[in-house]
Amino acid sequence: MVAQNIFFGIIAFVMVVAALRVVTTKNIVHAALYLVIVLAGVAAQFILTGAEFVGVTQILVYIGAVVVLFLFGIMLTRARIGREVEVDNEKRWLAGLVALVLFAVMSFALVDAFEDSRIESVSGGTPQLTSEVSDAIFKDYLIPFEAASFLLLAALIGAIVVARRE
Amino acid sequence: MGDPLYAGGIGLTVVLVTLLKVLVTFVLLLVATMFMVWFERKIVADMQHRIGPNRAGPWGLLQTLADGTKLFFKEDLLPDRADRIVFRLAPVLAVVPAFLAFAIVPIGGNFAEGGTVSMFGRETFLQLADPPVGVLFFLAMSGIGVYGVMLAGWSSGSKYPLLGGVRATAQIVSYEAALGLSLASVILVNGTLSTHQIVAEQAGAGFGGIIPNWNLVVTGVVPAIIFLIAGTAELNRPPFDLVEAEQELVGGFNTEYSSIRFALFFLAEFMNTVTMSALVVTLFLGGPSGPVWGPEPVRTWFFPIFWFLLKLVVFLFVFVWFRGTLPRLRYDQLMDLGWKALIPLALGWFLLLGAVRVARNEGWNLVVTFGAITVVVVVAVTLLNLSLRAAQRQRLADAEVNA
Amino acid sequence: MGHYLPIVALAVLAVLFAGLSFLASRLLAPRRPTPQKSAPYESGIIPGKEPPRRFPVRFSLVAMIFIVFDIEVVFLYPWAMVHAELGLFGIVAIAIFSASVFESFLYLLSKGVLEWGPIQRVQRPHLVGAHRTAESTIRRVGLEGRDRPAEQRILVESGIASHAVEPAASAAGGH
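Residue numbers (the working numbering), protein chains in the order written: chain A, 1 to 166; chain B, 1 to 403; chain C, 1 to 175.
For reference, chain A alone in the conformation it holds in the complex (with noise of 0.2 Å):
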């Protein structure tokens, strides 16, 4: 337990390191590759708790896709490579604010929802096992599962729409 404690402070101290970067550094792309971290961060926090499943898949669809996506969007249109690329930072105390509420409203729904319970009551002290996962998805949560192919279908829908002309 002090062991994975003492990982914990580790990597939540680089992640917090890394997403400040991200919003200070002046190159997009480096802001992109800080994200990675992040994202990457979370995903060991997750194997640290036992949730491997969840952290792998983070690995896979955020740092695997998303920030694919973002990169490849920034390549395909605004970074002039090998020169800085010099961002936007008006508006920081308006997303200083909405990260303060997010950070507020998150703080709030963890606290209220687990309250002093610790990890290992969480997970019942072993790992989670992914049939576990699959039984959590079809059982408890089918309905916003199936909603979440109905978001992924709007958002293509919405991509194609804004990216082609007519």
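Mixed in with the good hints, there may be bad ones.
In silico SDA-like pairs for lysine to any residue, Cα to Cα no more than 20 Å straight-line [what the hints assert, rightly or not]: (1) B:K74 to C:F22; (2) B:K70 to B:A56; (3) B:K159 to C:E42; (4) B:K70 to C:R31; (5) C:K111 to B:L388; (6) C:K37 to B:F72; (7) B:K340 to A:L153; (8) B:K340 to C:E115; (9) B:K42 to B:T325; (10) B:K340 to B:V376; (11) C:K111 to B:R395; (12) C:K37 to B:L78; (13) A:K26 to A:E90; (14) A:K139 to A:L129; (15) A:K139 to C:F89; (16) A:K26 to B:L89; (17) C:K111 to C:S60; (18) B:K159 to C:I46; (19) A:K139 to C:L86; (20) B:K70 to B:G60; (21) B:K159 to C:V57; (22) B:K74 to C:P30; (23) B:K42 to B:G57; (24) B:K159 to B:D241; (25) A:K139 to C:G90; (26) C:K111 to A:F150; (27) C:K111 to B:Q392; (28) C:K37 to B:L77; (29) A:K91 to A:A19; (30) B:K74 to C:A29; (31) B:K159 to C:S60; (32) B:K70 to C:F22; (33) A:K26 to B:R88; (34) B:K159 to C:Q36; (35) A:K26 to A:V38.
Honestly, the hints are just simulated from the structure, not real lab data.
Assemble the complex: chain A is given as a structure, and chains B and C must be docked to it using the hints.
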């Protein structure tokens, strides 16, 4: 469940055995890569009626080592317009996931008796790690592998690498979807994501005691073929090597790279080839499982490793054979094959296999089940065709307007 | 999470390997940069044009559809693992999910997002068809050195060159 090595707590022996396995995996992968480079050059030379490397060492075996050493002494150029940090980072991002993906491959162990070997008095799996989500781990690593190519292309500050990088990323990403979908069929029949258990499920006698119980047969060949094609494309190997189509892109994403940085990209590419072959063997051909005879060390050590290496070399040869035989695809053909053929086919096959298995479990009426499946397949194929035709019409209309 | 520690160890080893290679290269390799060497490589031509600033939006849409399929794969695996227990219910659940993903795929296809090549017009050369004979092929490849009047006669008789081609025109068009 899990490697028995860690069942009894972690002591000094366990740590030493683990470190030994890490070192062996590392060295084995490097040696296998060296062998693969030599093997490819030699076989392609044979196919083209040349001799191939024959100077360094017996049959030119040490040629790769010589080439690698030479690259250490070459000037390392850093282009003026490159993004210095990302340019230096890209080769590392290519080579690390290439190493890690191999960690989940079982390379030995007698699967008739639990798939373990005895090492310093401890039972252990002959694979570096067996996470319960091994297959997803492999997909995640190949997903990270994209970064090396993409960032190398972008950070070089030169147009051909950029074009090569963009092309390569779109290609890798497209075929990764097909790769994941074809793997779903394996998970369906084996009911696990752990590579060790997937191999264990395939061990033992299959149909009639003659045909092995391999996933190749159990999943019905199609997923294996899709996996092999998608894997070749994922590796950017011929006939899908548009990334480095020399006639169009000079050298592709690594044009600006020289010296050891280039060597790392080269190494990563061949390591990925070895890993991909090993995965085909693990997922579809029963990995190290096979008939074993003889006394203890021969039975648990020699035969499984022998079977694994034999199957591995077969697929390494297949990759070289592709290169020696098939001409490079055009980019539109590449994309069409991936999106319009492999992905719908892999998804359809997976759902079909799932439906058939559930129907068999629940004892549904066969005629009704197959009738329903046929209707669904016909509807899906018709819709696909209609969409393709609609796209074609739209493009023709656009062309008339523009003309 | 014992079984991830060997993977972490291998990652450390891989990074060390890369780092040591860079170090060795730095020590062993010469370092004599010139403006020519560090200019963008274009096969010896002095680079004139800037690299393209914008690429076809298609590439970006490919990455987008990949996310959709990636998430689909991630959801298919849990079902694949427990499909036996879920029975009909599971089949229906996964069928609805797949149908909606398939639908987005169809929309994508019908919008022509995945059409990459040049437009393929179906062009039917009027001489290639059911009437195609050795004589018609001769007319297509050229008439030099052939007995023209006889050629013309055969073509008209067989009903292929109904709009009797001028000898000069057919000779010119033959190449």
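Any hints this thing doesn't respect? Which numbers, in order?
none
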